[in-house]
Amino acid sequence: MTQSLNRLKESASQTAGPYVHIGLTPNFAEIPGVYPEDLGISMVNDKTKGERITIKVRVIDGAETTLKDALVEIWQADADGLYNSPSEMRGAADPNFKGWGRKATDMSTGECIFETIKPGRVPFRDGRPQAPHITFWVVARGINIGLQTRMYFGDEEKANAEDPVLQRIEHKIRVPTLIAPREGNTYTFDIRLQGDKETIFFDI
Amino acid sequence: MSNNSPETGSFFARDREWQPPAFTPWYKTSVLRSPQKALISLDNTISEITGPVFGHNMLGALDDDLIHNFAKPGESAIGERTIVYGRVLDERGRGVPGALLEFWQANAGGRYRHKKEGYMAPLDPNFGGCGRTITDENGAYAFRTIKPGPYPWPNGPNDWRPSHIHFSIFGHGFAQRLITQMYFEGDPLIWKCPIVRTIPDKSAIEQLVATLDMEATIPMDARAYKFDIVLRGRRSTMFENRREGN
Ligand SMILES: [Fe+3]
Chain A
1 MTQSLNRLKE SASQTAGPYV HIGLTPNFAE IPGVYPEDLG ISMVNDKTKG
51 ERITIKVRVI DGAETTLKDA LVEIWQADAD GLYNSPSEMR GAADPNFKGW
101 GRKATDMSTG ECIFETIKPG RVPFRDGRPQ APHITFWVVA RGINIGLQTR
151 MYFGDEEKAN AEDPVLQRIE HKIRVPTLIA PREGNTYTFD IRLQGDKETI
201 FFDI
Chain B
1001 MSNNSPETGS FFARDREWQP PAFTPWYKTS VLRSPQKALI SLDNTISEIT
1051 GPVFGHNMLG ALDDDLIHNF AKPGESAIGE RTIVYGRVLD ERGRGVPGAL
1101 LEFWQANAGG RYRHKKEGYM APLDPNFGGC GRTITDENGA YAFRTIKPGP
1151 YPWPNGPNDW RPSHIHFSIF GHGFAQRLIT QMYFEGDPLI WKCPIVRTIP
1201 DKSAIEQLVA TLDMEATIPM DARAYKFDIV LRGRRSTMFE NRREGN
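In order, the protein sequence lines correspond to chains A and B. Residues 1 to 204 in my numbering are what the first sequence spells out, letter by letter. Residues 1001 to 1246 in my numbering are what the second sequence spells out, letter by letter.
Please keep in mind that the hints were generated in silico from the structure rather than gathered at the bench. There could be a bad hint or two in this list.
Here are the computed lysine-lysine pairs in the BS3-like style, where the Cα-Cα straight-line distance is at most 25 angstroms [said to hold, decoys possible]: (1) 1226/B with 9/A; (2) 68/A with 1037/B; (3) 1202/B with 1192/B; (4) 1147/B with 1226/B; (5) 172/A with 1037/B; (6) 197/A with 1192/B; (7) 197/A with 1028/B.
The shape of chain A in the complex, shown without the other chains (with noise of 0.2 angstroms):
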């Protein structure tokens, strides 16, 4: 025998489950008066620094079928590429962004849309820049534990060509399931959970 590190374990996971929205956004599964408005439905206010953008975001089964009961929670940094937490040690974020939301997909059309602003770039373990990106985590019924992604720009190519991130996934093939097209101030973001285009999951 020797000593014990004293580690506990990570609890396990579990699905969200169907009814997901009752705990995280109750006001859009009609049980109104409990909480005054969902936590992250709205990301920006009119002194929200930055670039105004809307993100949306489908999330698609191995059967080509849109989710109608998923939520997805994004984290990102400000314009200046500044994280709105404590563990930010570069300087201080935007006091109007906290950077960070949460949407459950229509439950008719299965899409949910963020408004937010473009973030700035943040630095690599090492220092380099990374291309701006958002964090991504969807949660759904039978989804087991939660997927973690990230979106990336389509009209980024130069700053994505050199993303440390990106520059590191083998298969090159896969790259373009990260990269949202932009139309407009409209990127869209498509994430496949399974399928030839199955989006790029990072255990993080």
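Knowing the structure of chain A, use the given hints to seat chain B with the ligand on it.
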């Protein structure tokens, strides 16, 4: 718990053999919703080690009281009055202060207040089914509710969920984000449930079973169950090494 300065280290690797795999065909919905390619390992960057903060000032007076937060004035939800309490810890055994916990559940008859819910058990007009709280400086939390009933669900021809409360937890980094479920000590349905059995390890399941605590029970009022939640631990500094070639 005196050191409250923010931590910037990367998180311990998630134990993917302890956590449920994505593809668990006995839980049928997972079949078309499970990624089939390997996850790509990503050393945490600042995008993963940071996360949003939620202040206690966002909480309403009844957010942690599911017996009353949807009830008409003077009324209360029907069911076994229950206190759930515990701590949010990380894998190093340290309390996680300021963690946001959100929970949701069926009513005492096993019925959810949701459009897509079709179980014949009746709605309780005084029960909404959601609540939230934020841990204190030691990582402790508590809330009051009624014990949810078990319910049947369409998977196999006769599958029942054990009584359970869904939990969503925000720790200090977005990589710690977790959703899980709490079960109640002594429920025979736990070991028959296909969703519980997505977890490969028996002790990982037992870690999700809350213990009846008679000492924390309030006599003539509510029984108490203790439920601790563990989030990923983290290293002490972020830039402990650099890989070759970078
Ligand atoms: Fe449930």
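Hints versus structure:
1. A threshold of 25 angstroms between alpha carbons decides the hint, and for residue 1226/B with residue 9/A the separation of about 17 angstroms falls inside it, so the pair holds.
2. The straight-line distance between the Cα atoms of residue 68/A and residue 1037/B is roughly 23 angstroms, inside the 25 angstroms bound, and the hint therefore holds.
3. A distance of roughly 13 angstroms separates the Cα atoms of residue 1202/B and residue 1192/B; the hinted pair therefore holds under the 25 angstroms criterion.
4. Proposed proximity of residue 1147/B and residue 1226/B is supported: the alpha carbons are some 13 angstroms apart, at most 25 angstroms.
5. Taking the CA atoms of residue 172/A and residue 1037/B, the gap is about 14 angstroms. The hint holds against a cut of 25 angstroms.
6. Proximity of residue 197/A to residue 1192/B is assessed by CA-CA distance (about 35 angstroms); at most 25 angstroms being required, the pair is judged violated.
7. A distance of roughly 22 angstroms separates the Cα atoms of residue 197/A and residue 1028/B; the hinted pair therefore holds under the 25 angstroms criterion.
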